[in-house]
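> Sequence:
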Amino acid sequence: MAYEDIYEGWKQDPESFWMEQARAIDWDTAPGKALFDKGDNLYEWFSDGMVNTCYNAVDRHVEAGHGARTAIIHDSPITGIKQKISYAQLRSRVARLAGALRAKGIEKGDRVIIYMPMVPEALEAMLACSRLGAIHSVVFGGFAAHELAVRIDDAKPKAIIAASCGLEPGRVVHYKPLLDGAIDQATHKPDFCVIFQREEEVAHLEEGRDVDWHAFQYGVEMADCVPVEGNHPAYILYTSGTTGAPKGVVRHTGGHLVALNWTMKNIYNVDPGDVFWAASDVGWVVGHSYICYAPLIHGNTTIVFEGKPVGTPDAGTFWRVISEHNVRSFFTAPTAFRAIKRDDPKGELIKNYDISCLRALYLAGERADPDTIEWARDIMGVPVYDHWWQTETGWTIAGNPAGIEALPVKTGSPTVAMPGYDVQILDEAGHEMPAGELGAIAVKLPLPPGTLPTLWNAEDRFRKSYLDTFPGYYETGDAGMKDEDGYLWIMARTDDVINVAGHRLSTGGMEEVLAAHPDVAECAVIGVSDELKGQLPVGFLCLTKGVNRDHAEIVKECVAMVRDQIGPVAAFKLAVVVDRLPKTRSGKILRAIMVKIADGTEFKMPATIDDPVILDEIKDALQTIGYAKA
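Numbering-wise, UniProt numbering puts 471 at position 471 of the sequence shown, and it's gapless, one number per residue.
None of these hints come from the bench; they were simulated from the model.
A couple of the hints might just be wrong.
As the list claims (entries may be wrong) - EDC-like cross-link-like pairs, simulated, lysine to aspartate or glutamate; straight-line CA separation at most 20 Å:
no., residue 1, residue 2
1, 604, 107
2, 619, 530
3, 573, 553
4, 38, 26
5, 573, 611
6, 596, 530
7, 189, 153
8, 444, 48
9, 265, 5
10, 82, 460
11, 108, 191
12, 444, 483
13, 156, 221
14, 38, 460
15, 583, 599
16, 158, 199
17, 108, 221
18, 583, 611
19, 533, 611
20, 410, 460
21, 38, 483
Claimed, not checked - Derived Cβ-Cβ restraints for the label pairs, each shown as a range:
no., residue 1, residue 2, range
22, 427, 545, 55 to 63 Å
23, 64, 499, 54 to 62 Å
24, 534, 378, 20 to 28 Å
25, 15, 532, 50 to 58 Å
26, 616, 41, 26 to 34 Å
27, 616, 545, 44 to 52 Å
28, 616, 15, 25 to 33 Å
29, 191, 354, 35 to 43 Å
30, 1, 463, 32 to 40 Å
31, 12, 605, 22 to 30 Å
32, 616, 32, 57 to 65 Å
33, 602, 2, 47 to 55 Å
34, 189, 602, 31 to 39 Å
Glycine is no exception: its CB is placed at the ideal position from the N, C-alpha and C atoms.
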């Protein structure tokens with residue numbers, strides 16, 4: 001069947017479509033129906049089924065005779081460790097850890113916070129929780145003590161599973177002092193903490209509270225899988241909120257299993273046994289969905305990579321991993337490719353590796369500018385598929401369904417809506433916009449399985465954040481448009497659409513133009529306040545390695561390009577060259593913070609920021625171009 005037939009089939013009869021997909025999951029009690037309308041725009045999926053995530057991700061593959069298949073490849077260029085774990089080994093390791101947690105009192109519904117680096121034990125901890133029906137909340141390893149404390153107080157975990165340290169190129173990140181500080185600050189105290197000691201740093205254990213990962217599991221009875229209801233929370237994942245307090249996105253078990261399993265073949269075009277690699281971190285949603293759960297549920301081999309796209313040891317590390325481990329589909333953020341391109345602009349290092357095993361590159365996490373997409377496609381020689389989704393949705397809203405049919409790529413568009421998502425472009429009054437016009441992107445309710453049904457202990461905030469702006473719709477917070485072919489174009493976050501003298505303009509569109517300049521490796525455009533025009537765009541340019549030209553000349557050329565391609569209406573006159581841009585650890589550019597710096601307004605230091613020093617550099621850069629409010 002073609003994509004259009006499948007999408008229309010879902011639209012005509014969503015109930016039948018999702019019940020059919022549910023058959024690919026092993027249920028203890030099969031669900032009687034797919035959708036449960038809870039009233040008042042709240043929905044659940046497969047609530048009357050009984051199922052276990054860990055069983056579907058691990059045990060069923062062993063029972064089907066695939067125990068010898070590799071489940072996890074751990075590749076750490078930082079430590080030099082390379083390790084393969086089979087499905088049979090994974091089952092033993094997870095069942096033993098779950099047994100140890102159960103012996104210490106962890107039961108269905110209890111919360112467990114996981115604070116770990118990119119090691120297989122992080123996945124084992126997640127799976128051990130799901131084996132018992134405990135609700136895990138992974139917090140990015142190395143998060144500041146205060147931010148971890150906030151999450152401890154919100155989730156109220158009975159236990160915390162952590163590592164002694166994380167490793168970055170050239171430095172050790174001391175997790176244990178951060179964990180101790182967070183527990184001191186938090187009002188809620190966990191019953192116990194399990195500490196995975198790494199060779200690079202052995203941490204001091206608090207007597208009576210901390211237990212060693214290995215000693216803790218010695219001699220325990222392995223735990224069986226505990227069936228849970230389809231609407232039982234699998235996990236809580238905190239995402240940053242506009243008010244500063246994190247939002248605990250809840251993921252229900254049944255819909256999570258069904259949706260993720262469907263995506264592996266239909267979107268990523270892999271078959272069971274194929275190697276799938278998502279270069280992300282378990283602290284982010286990509287790590288949950290596509291390092292841990294989806295590949296294992298589908299019977300793939302997943303890669304746990306502890307390294308960076310550059311510097312571990314060089315800009316060829318991605319090509320080595322793809323070649324060495326026979327990766328079929330590769331998923332990462334555009335920012336990773338911009339870093340590789342900046343270090344190796346001609347892609348020389350790829351010549352040292354055979355990546356003919358790779359079928360496609362998938363990009364998500366932020367806007368993929370056409371220049372980055374074209375560069376990656378040209379040097380890799382495979383299709384590059386941008387796709388768009390959010391922490392809240394857990395899987396693709398719009399993408400290229402390569403496993404159904406590879407649709408023509410329009411560079412800069414994540415292609416089309418996936419079954420389950422009725423995506424519409426709305427004006428401020430909630431009316432649908434004509435093709436080609438910029439508006440707010442919203443999804444008609446109900447959202448599909450696997451997406452958030454609510455926020456943890458915060459239903460009012462859930463409604464206010466996502467449901468109240470456009471009644472009957474989920475508000476994505478992104479702005480964009482649809483073209484005549486139904487292709488979606490994500491132009492910016494809603495608050496990155498700027499108003500210049502009454503004209504609504506996308507900063508993303510301007511970034512696209514700037515990124516096409518041959519000397520620009522990466523860029524960002526923000527809207528700063530202006531008394532005359534309301535807002536004015538300001539561009540920040542990071543140059544490709546080895547560019548020695550006069551910065552003023554490059555800025556002049558960039559200004560001319562925007563004027564030529566977007567028009568004088570953009571009033572784009574201010575741009576500055578900077579060494580780097582402020583980003584989250586997952587690579588998202590902190591544009592909203594940059595705006596606050598420019599406008600001289602107060603802001604809360606984002607918990608996810610990679611390096612706070614960059615904010616001072618941005619302030620200095622603004623002052624050099626005469627923007628005095630900063």
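> For each hint, tell me whether it holds in the structure or not.
We went through each hint and held it up to the structure:
1. For the hint linking residue 604 to residue 107, the alpha-carbon distance of about 37 Å lies beyond 20 Å, and the restraint is violated.
2. Simply put, residue 619 and residue 530 have alpha-carbon atoms about 17 Å apart, close enough for the 20 Å limit, and the pair holds.
3. Under the criterion of a C-alpha separation no larger than 20 Å, the hint pairing residue 573 with residue 553 is consistent with the structure, at around 13 Å.
4. For the suggested pair residue 38 and residue 26, the alpha carbons sit about 25 Å apart, so the restraint of at most 20 Å is broken.
5. A hinted pair counts as satisfied when its Cα atoms are at most 20 Å apart, and residue 573 with residue 611 does not qualify at roughly 28 Å.
6. The straight-line distance between the Cα atoms of residue 596 and residue 530 is roughly 13 Å, inside the 20 Å bound, and the hint therefore holds.
7. Taken as a hint, the residue 189 and residue 153 pair is honoured in the structure, with Cα atoms around 8 Å apart against an allowance of 20 Å.
8. Proximity of residue 444 to residue 48 is assessed by CA-CA distance (about 24 Å); at most 20 Å being required, the pair is judged violated.
9. For the given pair, residue 265 sits about 17 Å from residue 5 by alpha-carbon distance, which is consistent with the 20 Å threshold.
10. Between residue 82 and residue 460 the CA atoms are separated by roughly 46 Å; this puts the pair beyond 20 Å, and the hint is violated.
11. Proximity of residue 108 to residue 191 is assessed by CA-CA distance (about 16 Å); at most 20 Å being required, the pair is judged to hold.
12. With a C-alpha separation of about 19 Å, the suggested pair residue 444 and residue 483 falls inside the 20 Å cut-off, and the hint holds.
13. The suggested pairing of residue 156 with residue 221 is violated, with an alpha-carbon distance near 27 Å, which exceeds 20 Å.
14. For the hint linking residue 38 to residue 460, the alpha-carbon distance of about 15 Å falls within 20 Å, and the restraint holds.
15. For a cut-off of 20 Å, the pair hint linking residue 583 to residue 599 stands: about 19 Å separates their Cα positions.
16. Taking the CA atoms of residue 158 and residue 199, the gap is near 27 Å; set against the 20 Å cutoff, the hint is violated.
17. Between residue 108 and residue 221 the CA atoms are separated by roughly 17 Å; this keeps the pair inside 20 Å, and the hint holds.
18. Between the alpha carbons of residue 583 and residue 611 the distance comes to roughly 8 Å, so the proposed pair stays at or under 20 Å and holds.
19. Proximity of residue 533 to residue 611 is assessed by CA-CA distance (about 33 Å); at most 20 Å being required, the pair is judged violated.
20. A threshold of 20 Å between alpha carbons decides the hint, and for residue 410 with residue 460 the separation of about 39 Å lies outside it, so the pair is violated.
21. Note on residue 38 and residue 483: the hinted pairing is violated, with a Cα-Cα distance of about 35 Å set against a maximum of 20 Å.
22. Checked against the hint of 55 to 63 Å, the pair residue 427 and residue 545 fails, with Cβ atoms roughly 44 Å apart.
23. For residue 64 and residue 499, the hinted distance range of 54 to 62 Å is satisfied, since their beta carbons lie about 57 Å from each other.
24. Remark: the range hint 20 to 28 Å for residue 534 to residue 378 is contradicted by a beta-carbon distance near 40 Å.
25. Checked against the given bound of 50 to 58 Å, the beta carbons of residue 15 and residue 532, roughly 55 Å apart, stay inside it.
26. For the pair residue 616 and residue 41, the supplied restraint of 26 to 34 Å is violated, since their beta-carbon distance comes to about 44 Å.
27. For the hinted restraint 44 to 52 Å between residue 616 and residue 545, the CB-CB distance of approximately 23 Å leaves it violated.
28. Checking the proposed 25 to 33 Å range against residue 616 and residue 15 shows it is violated: the Cβ atoms sit about 55 Å from each other.
29. Checked against the hint of 35 to 43 Å, the pair residue 191 and residue 354 fails, with Cβ atoms roughly 51 Å apart.
30. The hinted range of 32 to 40 Å is satisfied by residue 1 and residue 463, whose Cβ atoms lie roughly 37 Å apart.
31. As the Cβ distance of residue 12 to residue 605 is approximately 49 Å, the hint placing it in 22 to 30 Å is violated.
32. In this structure the hint that residue 616 and residue 32 lie 57 to 65 Å apart at CB holds, the actual value being about 59 Å.
33. Checked against the hint of 47 to 55 Å, the pair residue 602 and residue 2 passes, with Cβ atoms roughly 53 Å apart.
34. For the hinted restraint 31 to 39 Å between residue 189 and residue 602, the CB-CB distance of approximately 32 Å keeps it satisfied.
Of the numbered hints given earlier, the model fails hints 1, 4, 5, 8, 10, 13, 16, 19, 20, 21, 22, 24, 26, 27, 28, 29, 31; all others are met.
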